[in-house]
Amino acid sequence: MQRILVLLPIAVVLVIGGFFVWGLNPERDPNAIPSVLISKPVPVFDLAPIAGVDVPGLASGDLAAGEPVLVNVFASWCVPCRAEHKVLTRLAAQEGFPLFGINYKDKPEDAKAWLEELGNPYLRIGSDESGRSGLEWGISGVPESFLIDGTGTVIWRYVGPIVTEQAQDDLRRALAATRERAAS
Amino acid sequence: MRGLLAALLIALAGMAAAVEPDEILDDPALEARAREISKDIRCVVCQNEPIDSSNAGVARDLRLLIRERLVAGDSDDEVRQYLVDRYGDYVLFKPPFKPSTYALWLAPFVLLGLGSVAAGVALRRRSMRAGAEALNAEDEARVAELMARYDGDQSRKDD
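Protein sequence lines, in the order shown, are assigned to chains A and B. Using our numbering, the first residue of the first sequence is number 951, and each one after it goes up by one. Using our numbering, the first residue of the second sequence is number 53, and each one after it goes up by one.
Check each hint, because a few of them may be wrong.
Keeping only pairs whose Cα atoms sit at most 30 Å apart, straight-line, the calculated DSBU-like set for lysine-lysine is [stated by the list, open to error]:
#1 Lys91(B) with Lys1062(A)
#2 Lys1055(A) with Lys1036(A)
#3 Lys990(A) with Lys150(B)
#4 Lys91(B) with Lys150(B)
#5 Lys146(B) with Lys91(B)
#6 Lys1055(A) with Lys91(B)
#7 Lys1062(A) with Lys1036(A)
#8 Lys1055(A) with Lys990(A)
#9 Lys1036(A) with Lys1057(A)
#10 Lys91(B) with Lys990(A)
Here are some, though not all, of the chain A residues that point toward chain B, as calculated from beta-carbon distances under 7 Å [stated by the list, open to error]:
#11 Ile983
#12 Val1005
#13 Leu1085
Simulated from the structure, these hints should not be mistaken for laboratory data. Just so you know, even glycine gets a beta-carbon here, dropped at the ideal spot from N, CA and C.
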């Protein structure tokens, strides 16, 4: 009994120390919200194209494309989306994945002007004027991006703009893993 | 006067909610249910605020969605499940009781139990020590004998 009591302070230190190691780990983001969509089929939605933009709309069926696709939720009023636009355009060309867009709570004319100004890297864009499809995807804001595998299953989600090296590497890694799984 | 104003402002602050007039349902019973559900749903933008008092756009959309589901005839639990299916348990301020949350719900009782056991052991030890300090019959007899001998010595000295 006495010997066990001697070990007690060490046990307490180990427990508290372990908590600190977990809690102070720079990789951990305490604000990260776990997505329930990961490993699940994409939500059911059907969005019309943006009026005046010559790419088709986006629906759930388009996402089982037989190859990984990236769905990016964006809006013309969203400043980080502007920063992300160039990076996504480059990544889509470099990595060779189709980029689809959901235009979240945007006026069609504003979205059209935004795409004309910055260029349109999206093969399909669904116009979600009411924001209802955004709720189906469980988004908390824009931009958000989802990587979907060839069968229409959500593989990876990123909240915020994909601009940092870390975010881009995350996407590349998820894409490589998805392609590898599809090949095997 | 100042105190009165302060009291009035405090009373008004309690009434503050983000629900806007155009969101409110015509049916007061449904509206009351919607308000009750919204109080327990976390705003995914502000994270520590219920959607009932959040001004974020997504919170407003979720409030409208809750009302839409209620009008469509969903029960309160069905509405909550609808939101959990999209946002996960995270949107609930009160997490459900299931294997992945056992630690969360049961840890306080486990800690209380451990504390009670520790306290019980400590108390028993103390009372056992107190018991050891009391004299048993044998000691009692020995003390009596020693005392008698001492008394005898004393009385002889007095002679």
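Do the hints match the structure? See the list:
no., hint, in the structure
1, Lys91(B) with Lys1062(A), "violated, 38 Å"
2, Lys1055(A) with Lys1036(A), "holds, 21 Å"
3, Lys990(A) with Lys150(B), "holds, 20 Å"
4, Lys91(B) with Lys150(B), "holds, 22 Å"
5, Lys146(B) with Lys91(B), "holds, 11 Å"
6, Lys1055(A) with Lys91(B), "holds, 25 Å"
7, Lys1062(A) with Lys1036(A), "holds, 17 Å"
8, Lys1055(A) with Lys990(A), "holds, 25 Å"
9, Lys1036(A) with Lys1057(A), "holds, 21 Å"
10, Lys91(B) with Lys990(A), "holds, 28 Å"
11, Ile983, "holds, 6 Å"
12, Val1005, "violated, 25 Å"
13, Leu1085, "holds, 6 Å"
When held up to the earlier numbered hints, the structure conflicts with 1, 12 and fits the remainder.
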